[in-house]
Amino acid sequence: MNPRRVAITGLGLVSPYGGDLTDFFARLTAGESAIRHLSTDDQPQPLSIPFVSCPAFDADAELGKPLASMMDRFAQLGMAAAFTAWADAGLPRAADAGSRDHWGVAWGTALGGTLAYEKGYRDLWQRGRDRLPPLTVLLGMNNAANAHISIQLGLGGVSMSHTVACASSAIAIGEAFRRVRSGEAPVMLTGGSDVPQAYGVARAWEALRVMAPGDAKTSAAACRPFAADRRGLVLGEGGAALVLEDWEHAVARGARIHGEIVGYGTSCDHSHLVRPEVAGQVRALNATLADAGLAAADIDYVNAHGTATAEGDPVEIAALRAVFGERAETLPVSATKSMHGHLLGAAGAIEAIATVLALREQAIPPTANLNPDTLDPACSGVDHVFSGRHGVSLRTALSNSFAFGGSNAVLAFRAVTR
Amino acid sequence: MKSIELIRNFLNARQDIEATKVVPEALLADLGVDSLMMLELIFEFEDRLSIKLPHDLKSPKTVGEMVALMDGLIASQKG
Chain A
102 MNPRRVAITG LGLVSPYGGD LTDFFARLTA GESAIRHLST DDQPQPLSIP
152 FVSCPAFDAD AELGKPLASM MDRFAQLGMA AAFTAWADAG LPRAADAGSR
202 DHWGVAWGTA LGGTLAYEKG YRDLWQRGRD RLPPLTVLLG MNNAANAHIS
252 IQLGLGGVSM SHTVACASSA IAIGEAFRRV RSGEAPVMLT GGSDVPQAYG
302 VARAWEALRV MAPGDAKTSA AACRPFAADR RGLVLGEGGA ALVLEDWEHA
352 VARGARIHGE IVGYGTSCDH SHLVRPEVAG QVRALNATLA DAGLAAADID
402 YVNAHGTATA EGDPVEIAAL RAVFGERAET LPVSATKSMH GHLLGAAGAI
452 EAIATVLALR EQAIPPTANL NPDTLDPACS GVDHVFSGRH GVSLRTALSN
502 SFAFGGSNAV LAFRAVTR
Chain B
6 MKSIELIRNF LNARQDIEAT KVVPEALLAD LGVDSLMMLE LIFEFEDRLS
56 IKLPHDLKSP KTVGEMVALM DGLIASQKG
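As given, the protein sequences belong to chains A and B, one line each in that order. Numbering of the first sequence is given in my numbering, commencing with residue 102 and proceeding in unit increments. Numbering of the second sequence is given in my numbering, commencing with residue 6 and proceeding in unit increments.
Think of the hints as simulated: they come from the structure by calculation, not from any bench. These numbers come from a predicted model, not from an experiment. Treat the hints with care, since some could be wrong.
Straight-line Cα separation of at most 25 Å, SDA-like style, residue types lysine to any residue; simulated pairs [what the hints assert, rightly or not]:
#1 LYS166/A / ASP61/B
#2 LYS220/A / SER40/B
#3 LYS318/A / THR141/A
#4 LYS7/B / PRO235/A
Below, a sample of chain A positions facing chain B; criterion: calculated Cβ distance under 8 Å [what the hints assert, rightly or not]:
#5 PRO234
#6 PRO235
#7 LEU236
From the three backbone atoms N, C-alpha and C, an ideal C-beta is built for every residue, glycine too.
Using the sequences and the hints given, assemble the complete structure.
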């Protein structure tokens, strides 16, 4: 079967800013942070961290109480993003029997239904309960989000969850892309969701000493990728979804096409669980360019992984310099995690959306909290985007996702020529 | 709390079903109670009423059958 072109016909997001996609991208290009200070009354040690949450998200209102009560929050965020992307693609929720037998879901989540299990542990060990609610397993399982999405949208093809830490949803999108490109699936719903504010999860991340500190006054600027004074990453919750569709299928039904996904590459550092390697990231970048049939000179923007950790940022820039050579000096690079935080299993998906919107709107969001004076010399050598750029000419762009465990994933997107 | 009140409260909280629809002759399936929700309902009963339902419980079909089952268990287990 000949390879198919793959259109992006639907985008959906539970935005940390609370608005729609237009609002999301406007705030990103304005350099506005969605990061706030989170404080809890947990014992023995309350959480007091910069965090990104979706406070406007009301699962009962978005999904209806019967459906929402069958899901942990990660699946609720995922389902809401999926419904939004599906509507954005102009696809009805219900279908004729058999008509979606080959349509599928590929979903990313690093944590799955952690809140359900955490509640269970508290019930058993803190509250002295002797048993757990019967839905606990079904709320907690990692494939809950993709299962609910398949059920609600009547998708009879593959339904997969991908758990690859911070690259989960980039890999989900890439695997979905391959299934559409090969002709196996005419339509794939893909993306990711995660909810890292479970007390045990947040404390575990604290123990790794990679989380940026911050209080009520300083949290908004706590995440400073590529800056010499960066202190680490900021976690966040969220859900983001894309509808990938066979190009001819999309054109035949008159769908609006946001952009095209043209390449996907993965690699593993195979050296260390948390210390990233230039060589591994280079392999993923080169694999993506080869997969897309693109040369380094064709790339006009890179949405970086850029978590603002001490070790990660210089390695990513070194990998970009190795792949792009002299072109790197003029290659626009930004890390939008500086504003929407690190959504773990949803990170690749929200950044893929930001990249597609950059191509569609011909505008580049900046790395917030970074300027020429604060740039770490170890992260220099690319064209860092210090403030939002409008009216630029973008043809193709990459989105990087590099995970603990050494798994790397890079996606390539192309603008729709108008 | 009466058994039927507990069923009504559960179905309202879980499914947004009005109390007036939860009458003895109503079929549980018509109220959206599938096998999974029956497990939740049993869990709720055991929790709220401090009783234990047997593992080989024969699933009731109507609200009235459910109420009769619960009332019987309450009477036998609480004496």
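Check your understanding: Holds or violated: LYS318/A with THR141/A, Cα cutoff 25 Å?
Key -> 17 Å, holds
Point to revise | Hint check, PRO235/A versus chain B [nearest Cβ-Cβ separation less than 8 Å] | key: 4 Å, holds
**Study point:** Proposed proximity, PRO235/A with LYS7/B (alpha carbon, max 25 Å)
**Key:** 23 Å, holds
Practice item. Given the hint that LYS220/A pairs with SER40/B, test it: the Cα-Cα distance must not exceed 25 Å. Key: Distance ~23 Å between LYS220/A and SER40/B Cα, so the pair holds.
Point to revise | Given hint PRO234/A near chain B, where the shortest CB pair must fall under 8 Å | key: Interface hint status for PRO234/A: holds (6 Å vs cutoff 8 Å).
Check your understanding: Is LYS166/A close enough to ASP61/B, meaning Cα to Cα at most 25 Å?
Key -> Violated, because 30 Å separates the two Cα atoms, which is more than 25 Å.
Review point. Per the CB criterion, is LEU236/A less than 8 Å away from chain B?
Key: 6 Å, holds
Violated hints amount to a single one, hint 1; each of the other numbered hints is respected by the structure.
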